[in-house]
Structures are given as structure tokens and as C-alpha cells.
Amino acid sequence: MSVTPIRKPEEKSIDKAVQAMIRRAEELGIETVFHRYEKMQPQCGFGLLGLCCWFCIMGPCRIDPFGLGPSRGICGANADTMVARRVLFHIANGCAAHVEHGFHVFETLKEAVKHAREGKEFPYRITDEKKLREFAKKLGVPDAETRPVIEVSEEVVKRLEEDFNRTAEEPLTVLKAYSISSRRRVWERLGVVSRSMWREIVEAMHRIHVGVDADYRNLLLHGIRTALADCYAMLVATQLQDALFGTPKPVETYANLGVLKVDEVNIVVHGHNPLLSMKVAEMARSEEMLKFARSVGAMGINVVGVCCTGNEVLMRLGIPPAANFLQQEFVLATGAVEAAVADYQCVMPALSEIARCFHTKLITTMPATKIPGAIHIEWRPEKADEVAKEIIRTAVENFPRRVKERVFIPDVKSKVIAGFSVEAILSALGGTLTPLIDAIKRGDIRGVVGIVGCNNPKVPHDRGHVELAKELIANDVLVVGTGCWAIAAAKAGLMTIEAQALAGNKLRKVLEALKIPPCLHMGSCVDNSRILVLLNLVAEALGVDIPDLPVFGSAPEFMSSKAVSIGTWFVAQGVNVHLGVVPPVLGSEAVTKLLTEDLEKLIGARFVVEPDPKKAAEIMLEHIDRKRRALGLPT
Amino acid sequence: MEKCLGCLSCYFACAVEHSLTKNPYTAFREVPKPLPRTRVIPVQKYNVPMRCMHCEKPPCVDVCPTEALIKAPEGPVLLQEPLCIGCKGCILACPYGAISLDLARKIIVKCDLCADRIRKGLLPACVEACPTKALSYGKVEDVLLERRKAKAEEIIRGVTGFVSSSIIMYSTTSHG
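The listed protein sequences correspond, in order, to chains A and B.
When you number the first sequence by numbering that gives the first Met the number 0, it's gap-free, plus one each residue, and the end is 634.
When you number the second sequence by numbering that gives the first Met the number 0, it's gap-free, plus one each residue, and the end is 175.
Hints are computed from structural coordinates only; laboratory data are not their basis.
One should not assume that every hint holds.
[To be verified] Here are the simulated SDA-like cross-link-like pairs (lysine to any residue), alpha carbons at most 25 Å apart as the crow flies:
hint : chain 1 : residue 1 : chain 2 : residue 2
1    : A       : Lys457    : B       : Lys132
2    : A       : Lys7      : B       : Lys21
3    : B       : Lys119    : A       : Pro4
4    : A       : Lys614    : B       : Asn22
5    : B       : Lys32     : A       : Met57
6    : B       : Lys32     : A       : Pro583
7    : B       : Lys32     : A       : Glu37
8    : B       : Lys132    : A       : Ala349
9    : B       : Lys119    : A       : Gln42
10   : B       : Lys132    : A       : Gly46
11   : B       : Lys21     : A       : Ser70
12   : A       : Lys7      : B       : Val126
13   : B       : Lys2      : A       : Gly46
14   : B       : Lys21     : A       : Gly46
15   : B       : Lys44     : A       : Glu37
16   : A       : Lys592    : B       : Asn22
17   : B       : Lys119    : A       : His34
18   : A       : Lys38     : B       : Glu145
19   : B       : Lys105    : A       : Gly68
20   : B       : Lys2      : A       : His34
21   : A       : Lys38     : B       : Cys3
22   : A       : Lys38     : B       : Lys32
23   : A       : Lys38     : B       : Pro130
24   : B       : Lys2      : A       : Val2
25   : B       : Lys44     : A       : Pro59
26   : A       : Lys592    : B       : Val30
27   : A       : Lys613    : B       : Tyr24
28   : B       : Lys21     : A       : Arg35
29   : A       : Lys592    : B       : Pro33
30   : A       : Lys457    : A       : Glu609
31   : A       : Lys7      : B       : Gly74
32   : B       : Lys132    : A       : Glu37
33   : B       : Lys132    : A       : Glu30
34   : A       : Lys7      : B       : Arg118
[What the hints assert, rightly or not] Only part of the chain A face toward chain B is listed, based on derived beta-carbon distances under 10 Å:
hint : residue
35   : Tyr36
36   : Met39
37   : Gln40
38   : Gln42
39   : Leu47
40   : Asp63
All residues carry an ideal CB built from backbone N, CA and C; glycine is no exception.
With the sequences and hints as input, model every part of the structure.
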């Protein structure tokens, strides 16, 4: 296969490892996401503007933005309806991803509790009782701190089951437990309080069906309701993952492709759910598996992470993250990977083709995620240990088939300190939020920005993530974040003590006193719920609503429907959200205006689109200073 | 013709190329809106991309009273906008219906074969945008050569597949 070379790899990614691997892939005739993106240009203009609709079979329909062709679809939907339907579709799609993720964790915990009650063995158990009790207390379980943990767990399961299954017109219990009252009043006024996890998605799918909701405002309001269901599904996932696997504490390791090892069995865990990746990472350290690895001539077993399941095992076990979303193919293209194990979400089908170019085995594990060309070893909670063992055995047995001459691992890696759960941040602050609040009040911390989200080849890989973060910390803004941003920041060395030198004078003093990096790794993308918990705490401590805080959210390189949903719920929580990629909404002036202007009056926050990271930082700083002045804080 | 899916990517790209901002996110918001020079016309089961054929003896150039329309030496039929008086003579004369009227600017509007892009070594915007390669751009001789090659291959495949080898011998001797 011949591949048209990328003209300037340095324009495609700021990451030296990726730049080198683009050329390496071309040498080997391997096509990657960057090559496919070039082939796809120019992309359909109607699609970019959100002006095509295929939700019914009278279509596909297109509205002509240049005014010569149709101004309505066959059903009569105008540009506003078409664009709003698409936005709602993305939100429901993103919400579904997190609800199913949360549900799998819930289901596993429920089984673990049931087995514990019956005194039976089970691969999972509650390892962080403290976290479970705190969660239970928030959910209103009586005597959550004192009763036996099994009883408390059962109560938690019961309450969450209600949230998944509720048919009554009542709010989610988790929503009531983890939202501040001023926010809830706004949501009640707008009629957007979420009821059950599935129901909002079902209603969203109904509304975008032909001949249902045609009012763009009504469609988008339900978008907010669905996004809030997404928000609290993520929160359930985070809390239960902490209960099962432990609440993250700061850990130190390295990030980027250079973490792959030439003399060890390399196993990549990729996807989002820690249920299997944690098992694989733990099992790989067992004496039995190490012995097996040595028997085939390997020095050990090296588990590395890609995307958010990578963040999960990084935060809890210090497993090095090898790559974020746009880099996943290059991990395999090193030729040094024995097995790439995928659960779900953001796993490119392209991996299967690349695995075929080497000895690499691509292993899918979830019923909902199969890829032609991959081996499927299906995970179930009750047989998780055997599945993890089988995967590691498959990888180890594959080690002798590695062709040493074809191995190319770029020598690029950076140190990273990760693991900043809310609990870890509080502990760094000495157990209370007061030092953070005081620093914000004094202006030593000018504001806080959460940067999250994906990579997108529409903008240079990692550039928005890294430049924005650098600009903000240089201006005394503390940066926290998750997901593919967190991996980008780790690779750029922004999550180290040394990176304190990049911070503004005032912020640097605070960081030095607390011994923390200027950019805090708060976890995987479902762990955006940690940012919400922190926001709630700060708002309560200052006695104000979230829109009053000197904070901002950002998704500089967003790509997935999940990111659309997350962005929407951050706005609903009262945080302005910056997008570095133009979303497909410009075809409707009304929808664009609602999202970027009018939402502020309705809900206290709005979207801001700005592809240039420097300009985006200016917008954020101006907003932060305005909020500070309104609170009577020095600027 | 059978490759055209009717996606209108050529139409969209043409409008963007002939806009001020040349950006798909902003072009349609310009006042006046940029005008595409190409259309896709569905006929029976085919979609037919229609635009100026850049005739060798262009009737539009013949009828233009102000010499606003010219046949450029490199091939394209081009409009010198300041000279156009909007008389619509060319619109009547064009057998392909490829010239339309720009009411906002009171002049005619037609395909310029993306002369600016060609000078920079780029393909016309419609050709670049065509996802199925139904549109291609090149010198007539090159396009013909490609077509002849494809047909020749087809003949040989047909010959070797279905007809006895003696016919190949015959055809070789008659030409050689």
C-alpha cells in the first residue's frame, strides 16, 4: 500500500513522538488518522454547518445556505430545527456512552455486594470503604458512617437502581445529592431536571424522530436535561470506580510512546472502563505471569495506557500513559506491542489494519465493541480474573513472534504526576479547602480553568491543549483537567514540579508551598464529575452560585459526542465552555445565538468558540477578572 | 456520469471558492451571498454536474457587445467583470444554460475554471471537492489518453477472457 506523505508532520502535531511516527508509518506504507483526514478534504460543507438531515427515509435532505436551493427539508424542517436535532442527537449519543459505562460499573458493584452478602467469592470487592460511605451519606443513606459496610453498599445499590429505573416525574437522587440549590432552582424553572438515566435518552431519540419536536428551543432544552443525566451518570461511574478500585492519590510515572519497552512484553489497555484494565494491570504484576513472561525470554510485562482507561490505571496504579486519542495507531505502529486490549469508546477501527502489519493481537472485550480482524475475549464481571489472565497469556505467548528489526520506539517521554482526585487535592491543601479559597481571594490564584476533551485532526494534535494551558498558568490561573487533555499536558511536561517555573509569580508561590504541579491531572473523561464536585465545594465555601466563580471550562480539541454532552452539562452547571473546534451548528443563526449568547441569560453560562488558543486564553482571563470584580476580589 | 452521487459538494465548494472569506463556516453569511457557478441536474437515474464547457468557439464571447467575455489563451472563457453591462445576451446564447445572473451586482456570473487556483497549481475547487472523482481536470489529450487506456484494457481483458487468441494475432498483424 502506498501512502501520500504528510507534507509537514510538525503542522499535524506538536508532539515529537507523533511527528517521528508519521514518517515511520509512511515508510511502512501504513495509513493513519492524519493521512485519512487529508484524503477526506474538503469535508462536506452542508455537514460542517449542520444543514443535512437523515433522521427519516424521505431524506437525506439538505438546506442550501447560499439561498439558491431548498430552505427546508422534505418534512418542512428549517435550518434551526435541523441543526438543533443534530445537537440533541450528539448529546443523547454522548449521554448513552456514559450511562452504559456507569451501568456496567454499577452492575459489577451490585454483584460484588450480593456475593459478599452470601459470603461467596467474586473478582471485585469494595476496596475503598471510606469513599463508599461518603457517597452513601450524600445519597441520604442513614448512619452511613457507622453501619456495616455491606448494609451501606446495599442501600447505595438500591438508590442507584431507582435512578436507573425511575418512572416517576422526580429528579435523580444523585442530582439532588450533588448539585447546589441555586443551580437546581434554575433547572426547575427551565424544566430541565433529569429524571432517570435512560429516560432522557429515550425522550431525546423520540424528539428527533420525524414529525415530533420542531422547536429548536424546546429541542435544546431537552438537550440540557439529557446532558444533566449524562453528568450524573458520570458521577456514579467515578464514585463507584473509586469504591471498587480506590480513590486516586498522587503517583509519578512517565508519559508518551517512549514508555514502551524493547525487552518486555508490551500490553496496551485502551478505551474507558477500568473494570478490565485494572484487572489486566494488576494481574500483569503477579509472580505467575512474570515467571511466564521470563520463560519466553522477556524481561517483564509492561502495561501501558491509551485514552481514558489508561488514565484510570495511571491514577490508581501509576501505569504509564503511552498515547492520547490521535496517537493510538502509532502505539501499534511501533511494532513493539504484543496485545492491544480494548474495552469501548474512542477505539479506532483502524487499529485492526495496523495490528495486521505486525505480530500485534488486537483484543476486544466488550459485547458492544467488536472489530473485524480482532480477537474477541469477552469480559464478564464474574470471570474477570480468568479473562485478564487469558489476555496476558495471549500477549506473552505472542512475544517471541515480535520482529526486532521492525521495532521503532521513539525515545520521547516526560515525567508526570497524576492522581489528583478531589480527596487528593484536599489532602495537598492540608485537609481543608481554605488555603485554596484564600489564595483565590488574595488573587494568588486568579481563577481556575478546567481543560478537557479529545483530540481532533481539524486542529494540530495537542497544540490547543498545551498552548492554552501554558498561557493560563503563566497568568496565575490554576489548570485542572481530564481525558486526552490530561495526557497531552502530561506528555508536554506540564504535570511536574519543574513546570512550576512556567507559572506566573503569584501562582508559583502557591504551587511551591503545596508542592503540586501547575496542571492537575484529575482523571479520565468520566472523572469530569470530580471537577463538578470541586466546583460545588468552592461555590459553597464562597457562598455564591457557580456562574459567579472566576472559572472557565474548555475543550480545545473536542471530537466526540461525549464531549458535546459534557460541554453542555458544564454550561448547565453555570460554567462558560470554550470550544477550539467549530461545532456543526453555524447553519442556524438562531441555534448559534442561543448557544453562544442567550444561554447566559437563561442558565448563567454559554459556549465560546475560538480556535486560536492564545485568543481563547485572553477571553478566559477577561471573564475571570470580570467575575473577580463582581465578587469584590482584587484583579 | 455514473460516479456522481448528487452530493452537491462541487456546488458548495464552488460557492466557497467564489466568496470573500473562502471559508466554509463563514462564506454563506457574506452579503451578498457568494454564488456557485455549477449545478447538479438529476436526469433519469443519473446526476449530471453542469457548468460552463469553456467552448472552443464560445457563442457567449461572440455575442458579448462589450467584449467582457473573452476566450483566454490557456483555454477558459473568462468574464472581465467591470466591462459587463448585464445585457443577458450570453445567457441566451449559451447552449448549456451555464451562465446566470448576479442580481446584486447586476452582472452575469459563470465558471472561471478557478483560474486563480490553476495558476497556483491547484485543482479547480469542484474537482478537489468531488468525493467520488466523478469530476476530473486535465488537458483534453491527457483525458483522452486515460480513456483510451481504460478502453484498451477492457478490450484486452475481454479478448483474453472470452475470444480465441487467433483474433489477437490478426489484430496485431493488421496494425504492425
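*Against which earlier hints does the structure fall short, listed by number upward?*
Structure breaks hints 5, 7, 15, 22, 31 and 35.
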